[in-house]
Amino acid sequence: MLKGSKVILFTALLLLGCFSVVGCGKEKESKKTKIELVHYKPEAVSYFEEVEKKFNESHKDIELKISSPNDAMTVLKTRFIREDNPDIIGIGGEFNFSNFIDAGMLMDISDFDGLKDIKQKYLDINENLKFVPTKGTYGVPYMANAAGILYNKDMFQENGWQIPETWDELLALCEKIKKVGKLPFYMGYKDIWSCLSPWNSAASSLADATVCKDVNKGKTSFSKEYVTVAEQMKKLLSYGPKDFVAYSYNDACTAFARGESAMYMIGSYAVPQIKSVNPDMNIDSFVYPASNNKEENVLTSGVDLQFCVMNDCPNKEAAYEVLRFLLKDENVQAYMDNQNAVPCKEGDFTLAPMLDGMKEYIKEEKVTDFQDHFYPSEMAVDAMIQTYLLDGDTKKFLKKFDETWVRYNRDLIDKVKKYESEHQSEEG
Amino acid sequence: MKEGKKNIGLTILLILGLVTILFPLYMTVVIAFKQPSEMTNSIRGILSLPAHWSLDNFKEAMRVTDFWRSLGNSLFITLATIALSILVHSLIGYVLGRSKAKNKYYNGIYLYLVSGMFVPFAILMMPLVKQTAHMGLANEIGVILCYTVFFMPMNTMLYSGYLSNLPLALEEAACVDGASTWKTYWKIIFPNMRPMHATVAILTALGTWNDVMTPLVIMSGDKNTLPLAQLNFQTQFGTNYNLAFASYLLALLPIVIFYIICQKQIIAGVANGAVK
Amino acid sequence: MQENQNAAARTAGKKTKSKMNAKSRTFLLITIPIVALFFAFNTLPLIQGVVYSFTNFRGYGNYDFVGLRNYIDLFQDSRVGGSYIFTFKLAVVTTIIVNVISLLLAMALNSRIKFKSTLRGMYFLPNVLGGLVVGYIFNYFFTYILPELAKMMGFQGNSMLADSKTAWLAIALVCAWQSIAMNTIIYISGLQTVPVDIYEAGSLDGATGWMKFRHLTFPLILPFFTINLVLCMKNFLMVFDQIMSLTKGGPAQSTESISYLIYNNGMSGGQFGFQSANAVLFFVVIVVVSVLQMRFLGKKEEQL
Chain A
492 MLKGSKVILF TALLLLGCFS VVGCGKEKES KKTKIELVHY KPEAVSYFEE
542 VEKKFNESHK DIELKISSPN DAMTVLKTRF IREDNPDIIG IGGEFNFSNF
592 IDAGMLMDIS DFDGLKDIKQ KYLDINENLK FVPTKGTYGV PYMANAAGIL
642 YNKDMFQENG WQIPETWDEL LALCEKIKKV GKLPFYMGYK DIWSCLSPWN
692 SAASSLADAT VCKDVNKGKT SFSKEYVTVA EQMKKLLSYG PKDFVAYSYN
742 DACTAFARGE SAMYMIGSYA VPQIKSVNPD MNIDSFVYPA SNNKEENVLT
792 SGVDLQFCVM NDCPNKEAAY EVLRFLLKDE NVQAYMDNQN AVPCKEGDFT
842 LAPMLDGMKE YIKEEKVTDF QDHFYPSEMA VDAMIQTYLL DGDTKKFLKK
892 FDETWVRYNR DLIDKVKKYE SEHQSEEG
Chain B
111 MKEGKKNIGL TILLILGLVT ILFPLYMTVV IAFKQPSEMT NSIRGILSLP
161 AHWSLDNFKE AMRVTDFWRS LGNSLFITLA TIALSILVHS LIGYVLGRSK
211 AKNKYYNGIY LYLVSGMFVP FAILMMPLVK QTAHMGLANE IGVILCYTVF
261 FMPMNTMLYS GYLSNLPLAL EEAACVDGAS TWKTYWKIIF PNMRPMHATV
311 AILTALGTWN DVMTPLVIMS GDKNTLPLAQ LNFQTQFGTN YNLAFASYLL
361 ALLPIVIFYI ICQKQIIAGV ANGAVK
Chain C
282 MQENQNAAAR TAGKKTKSKM NAKSRTFLLI TIPIVALFFA FNTLPLIQGV
332 VYSFTNFRGY GNYDFVGLRN YIDLFQDSRV GGSYIFTFKL AVVTTIIVNV
382 ISLLLAMALN SRIKFKSTLR GMYFLPNVLG GLVVGYIFNY FFTYILPELA
432 KMMGFQGNSM LADSKTAWLA IALVCAWQSI AMNTIIYISG LQTVPVDIYE
482 AGSLDGATGW MKFRHLTFPL ILPFFTINLV LCMKNFLMVF DQIMSLTKGG
532 PAQSTESISY LIYNNGMSGG QFGFQSANAV LFFVVIVVVS VLQMRFLGKK
582 EEQL
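Quick mapping for you: the protein sequence lines, in order, are chains A, B and C.
Numbering-wise, the numbering used here comes out as the position in the first sequence, counting from 1, plus 491.
Numbering-wise, the numbering used here comes out as the position in the second sequence, counting from 1, plus 110.
Numbering-wise, the numbering used here comes out as the position in the third sequence, counting from 1, plus 281.
Here chain A stands alone, though its shape is the one from the complex (with noise of 0.2 Å):
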């Protein structure tokens, strides 16, 4: 009996063991302050590296440590769980975004001094993404992204053919190329989220920016508003792959690279994978003309990556720093040159070729926030539109995208409806 217990001892010795060396295992104490910085941009990891070693290099008081994981999202929302909060996020300007706002994780950084270098737009742009009008700035936006239609310059010259301007010259355009049994557009519609990208920008041009905020104050329906959107979705299916859900983001990327259609609705992160087939492709874009009247075409362009300082933050000064830091100048261009990115800093950088056709807009500011940038991710615009492109039933998509929506939106238009009501009643 004694050895019974002295082996069940030695086993919650050994259990013991476990906790005890996961205690030992903490850091050396060091006197720098550290920083630690956590972005959802994977494929610019060799540019995180470097500015990590620059700016070590450079700071003395301050350790900077910047991690690129995979799947950051789930990352970054066990690490909230955890309470185990970096000081920096790098995220999106999407949905998410709006949560942590709302869900106060974010800090306050109005007072930070490198927020007057940054273009209006996109900081209106992310005033735009908070659920209900909060006092305070959030984010530093960083980069954007541009969605069009990336085209083969070199398909384009031989046959003499002109960047459309309006969604009929498009239509037209489309129509030769068939003519030349050449295919107008490739789909990869099999993973959903690339249906999006073409949806991002019928819509920015089409629709209100502020059209989901607008159905939550019960203002109107997305059945009125998406109309033209879902319609010209359904057109452009004529021009792409028979079999168009049959197809991943790779397998576009792959098609378009060998010359197998001559235009691809997709944002220019999808460059490096294309030219990954074919180094030697010459790609450029243009933006998508959702609209006859050309004035009404607008560029949909937003918050692609933007730093955030998570509120728990200790060292406010020297997240501060490191903000200042990727701010710079040379590692702005830095990052454009890794990323084929748009920079959301004032000033006189060099943007990517294949950005050429969208150099006038984005010079002029002419750009609207991607929609799904408001769009909840559980609710799966994505998967509904892929559903309704297979189906081609406009108004039965249509009425569920608004049924979907409420449900899916519920205590948000609850919180807004009261936000509303108490602002009348003040200003009342």
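By construction, these hints were calculated from the structure, which means they are not laboratory data.
Cβ atoms here follow ideal geometry from the backbone N, Cα and C, with glycine treated the same way.
Be careful, since some hints might not be right.
Stated by the list, open to error - Pairwise CB distance ranges, derived in the manner of DEER restraints:
| id | chain 1 | residue 1 | chain 2 | residue 2 | range |
| --- | --- | --- | --- | --- | --- |
| 1 | C | Gly-438 | B | Arg-304 | 49 to 57 Å |
| 2 | B | Leu-120 | C | Val-373 | 24 to 32 Å |
| 3 | B | Gly-288 | C | Trp-491 | 56 to 64 Å |
| 4 | A | Asp-771 | B | Leu-165 | 37 to 45 Å |
| 5 | C | Gly-438 | A | Asp-771 | 30 to 38 Å |
| 6 | C | Asp-345 | A | Lys-733 | 23 to 31 Å |
| 7 | C | Gly-438 | A | Asp-699 | 37 to 45 Å |
| 8 | C | Gln-357 | B | Gln-375 | 48 to 56 Å |
To be verified - Here are some of the chain A residues that sit facing chain B, going by a computed Cβ distance under 7 Å:
| id | residue |
| --- | --- |
| 9 | Met-564 |
| 10 | Ile-572 |
| 11 | Arg-573 |
| 12 | Asn-576 |
| 13 | Thr-745 |
| 14 | Asn-802 |
| 15 | Asn-806 |
Using the hints, position chains B and C against chain A.
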């Protein structure tokens, strides 16, 4: 039984059937050796042999996944889980197997543990993340403990079932000789359950080695296991399938080698588990 | 067997009463820490999950209790309903495919053939591969190779994964490809328990082929059939990796499995509270299905 004639027709049929097993593996190998520029969206682009048989993809994949470190982590987690499972589950399996028939409390405990098999991981995930973090277990140890608990229902069932093959007289004899229950267990029961240890080791190894989700959510970001490192190849906007497949092969290699070496035991072991 | 044990225990009890006490004390000392460990890493989080299912928790930040709202919503949500229908369809069909093929394969591999152990080894191989990797490999197969083959044979060459009518079948095939191995082995071990002379007796009666199987073999391996059925059903109801790597729920949301929905909307999306409720319901459903299966098959076993 007479040494009958071998059924050649059936043998040929079975060999032909192997195509269904080997064809997907052939695809993986071929894609793993190609360069992205060799890929086309057609049957030929996928099935043709690569232009050069070079190990570049594998070298690159090993660099990206930090292969040796990830392999080390995977091995550590898998081996520790196996050891702990054999130790802990055989004990509880023994106790419950011997007691559940005559004691309703133990029977209750048995049912309680076995019903754990049906709990979907999804519901445990978030609370487990929080809990392990609070206990300072957001690391490999936490993952190992989680696995030990996840596999407990199945393994307890296997061990306690297998126990019915071992006659009670075996322990009684030792008991009469004056050995304590504890000593009897280690001297007599534990060695006698060896076939079941093999089964448990194999099933646990298979379940642990390929798992992505548990280490992904429990360990904080900077430590990788081999399957976790595979995620490196899947950023949303670009997947290098050639590298990815090379890396899948690398991740499969250890478990396939393990399988080839202990093939006989594995098949016998799995069979054992079923016989109970 | 059980009676023997009890009898043995009784005699042993009479002989050494104090020993028995020591034994039960040891048993208790073993049981308590292990059950505590199980409680800490299984039951405690489960309880927490149940608590979350009554909130509108997003997975972070602040949240409110919303009573039974999540559970009421569950029964009104068409997507959740769709996921249950899809998952059950998949699980039932795959379970049937797997068990039919495994049983045939097991009988073939158990008969007098050449290279017996090599063949057995090869057929077990899919089981050591991870579900995600297998999914990625089969993606290529379904997108490019199968359509081409179909065209060569004069069919329409569409990808199975691209059609909401066939995508679930493609997933079923991949699931089956992977799990046939394990089930075959279990059946083989079952077949090995069938004594040879039973067949000899059977052939004297003139029983052949199907009759022999139906009346001689099958009843004897029924316990193995039960295990396979229950485990298959449970595993396929929890299908996740294959969905993740093959379709991500598409096309047209036709292949969203319950686990996929719980993970995708609860973890990646902000529906943690609601999906916790879904997971609780799912747990209950799995337990009910498994218990029913075991009851039903248990009765069959008794009858025979």
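Each hint tested on the structure:
In this structure the supplied range 49 to 57 Å holds for Gly-438 of chain C paired with Arg-304 of chain B, their Cβ-Cβ distance being about 53 Å. In this structure the hint that Leu-120 of chain B and Val-373 of chain C lie 24 to 32 Å apart at CB holds, the actual value being about 30 Å. Checked against the hint of 56 to 64 Å, the pair Gly-288 of chain B and Trp-491 of chain C passes, with Cβ atoms roughly 59 Å apart. About 26 Å separates the C-beta atoms of Asp-771 of chain A and Leu-165 of chain B, a value inconsistent with the hinted range of 37 to 45 Å.
The beta-carbon spacing between Gly-438 of chain C and Asp-771 of chain A, approximately 31 Å, falls within the hinted interval of 30 to 38 Å. At about 49 Å, the beta-carbon gap between Asp-345 of chain C and Lys-733 of chain A misses the expected band of 23 to 31 Å. Distance hint for Gly-438 of chain C and Asp-699 of chain A: a CB-CB separation of about 43 Å, consistent with the stated range 37 to 45 Å. A beta carbon spacing of about 52 Å between Gln-357 of chain C and Gln-375 of chain B agrees with the range 48 to 56 Å that was offered as a hint.
For Met-564 of chain A, the interface hint is violated, the least distance from its beta-carbon to any beta-carbon of chain B being 11 Å, above 7 Å. With its C-beta approaching chain B no nearer than about 5 Å, Ile-572 of chain A sits inside the 7 Å limit, and its interface hint holds. Here the hint on Arg-573 of chain A is kept, as its CB sits about 4 Å from the closest CB of chain B, short of 7 Å. Because the smallest distance between the Cβ of Asn-576 of chain A and any Cβ of chain B comes to about 12 Å, over 7 Å, the interface hint for this residue is violated.
Interface hint at Thr-745 of chain A: satisfied, since its Cβ lies 5 Å from the closest Cβ of chain B, which is below the 7 Å cut-off. The restraint placing Asn-802 of chain A at the interface with chain B is violated, with a minimum CB-CB distance near 18 Å, outside the 7 Å limit. For the restraint placing Asn-806 of chain A at the interface with chain B, the shortest Cβ-Cβ distance is roughly 20 Å, beyond the 7 Å limit, so the hint is violated.
When held up to the earlier numbered hints, the structure conflicts with 4, 6, 9, 12, 14, 15 and fits the remainder.
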